[in-house]
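Chemist: With these hints in hand, go ahead and build the complete structure from the sequences.
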Amino acid sequence: MYPFHICRTLVLKDFGIVYLLPLLKNLFLTGINLTRLDLHYLDSSPGISIEDIDFTCPLLEQLTICDSLLTWTHNPYVSVATPGTKKSTHNHEPWFCKKHNNISCKEIDHFRNLKRCKLFRVDYREPEDWEIFLRFAPILESIHLESSRYMTDGSFQSILSAKTLDKLEVWLCK
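When we follow my numbering, the leftmost residue of the sequence shown carries the number 507, and every step to the right adds one.
Don't read these hints as lab results, they were simulated from the structure.
Even for Gly, the Cβ is constructed at its ideal location relative to N, Cα and C.
Incorrect hints may appear among the rest.
Label-pair ranges, simulated between beta-carbon atoms [claimed, not checked]:
#1 Phe626 <-> Thr658: 14 to 24 Å
#2 Asp615 <-> Pro552: 21 to 31 Å
#3 Tyr525 <-> Asp659: 35 to 45 Å
#4 Ile665 <-> Thr536: 34 to 44 Å
#5 Asp672 <-> Lys531: 33 to 43 Å
#6 Tyr547 <-> Ser667: 16 to 26 Å
#7 Asp615 <-> Thr541: 15 to 25 Å
Modeler: Structure representation (structure tokens):
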């Protein structure tokens with residue numbers, strides 16, 4: 507066997523979204539656990555699955571996503587708001603993912619090692635998707651967010667009052 511250094515950083519620019527999950531799965535299955543992932547200018551549809559990144563990159567410490575659409579799995583059994591009405595993130599409903607088979611996710615279930623997250627010029631498939639990292643990353647130290655029409659003072663207050671993030675730096679840009 508030849509000695510080699512396994513890279514734990516992956517930076518993708520203008521990469522086809524259909525290839526992202528197979529690539530991450532292959533890296534994970536071969537024992538390469540990324541600690542840093544940067545995604546720039548990925549196709550908008552169907553969007554970058556935050557849940558798939560969490561599952562295939564369990565040791566991820568740094569995540570940067572720019573100019574892309576983000577999505578999280580939502581419980582198909584939870585009633586959807588009537589078209590034209592905005593679902594309030596202030597009265598938070600449980601989060602669900604494929605990994606837990608329709609059992610609500612808990613804070614310690616996702617992004618256990620994520621310390622730094624940067625989200626620039628991203629769109630979210632669902633209004634609540636911007637909250638994922640604040641709600642789930644238990645040791646998050648720094649998050650850079652660009653304003654979303656779904657972010658409100660009330661949603662930030664709800665998230666931060668439900669969780670202790672003593673070392674968190676939030677960078678919010680318009």
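Chemist: Look at each hint and say if it fits the structure.
Modeler: Consistency of the hints with the structure:
Restraint check, phenylalanine 626 to threonine 658: a C-beta distance of roughly 20 Å satisfies the suggested window 14 to 24 Å. Against the hinted window of 21 to 31 Å, the Cβ-Cβ separation of aspartate 615 and proline 552 comes to about 23 Å, which satisfies the hint. Between tyrosine 525 and aspartate 659 the CB atoms are about 39 Å apart, so this pair conforms to the stated range of 35 to 45 Å. A C-beta distance of roughly 36 Å is found between isoleucine 665 and threonine 536, which places it inside the suggested range of 34 to 44 Å.
Range check, aspartate 672 to lysine 531: about 34 Å between beta-carbon atoms, so the 33 to 43 Å window is met. Tyrosine 547 and serine 667 have their C-beta atoms about 36 Å apart, which leaves the hinted 16 to 26 Å range violated. For the pair aspartate 615 and threonine 541, the beta carbons lie near 19 Å from each other, so the given range of 15 to 25 Å is met.
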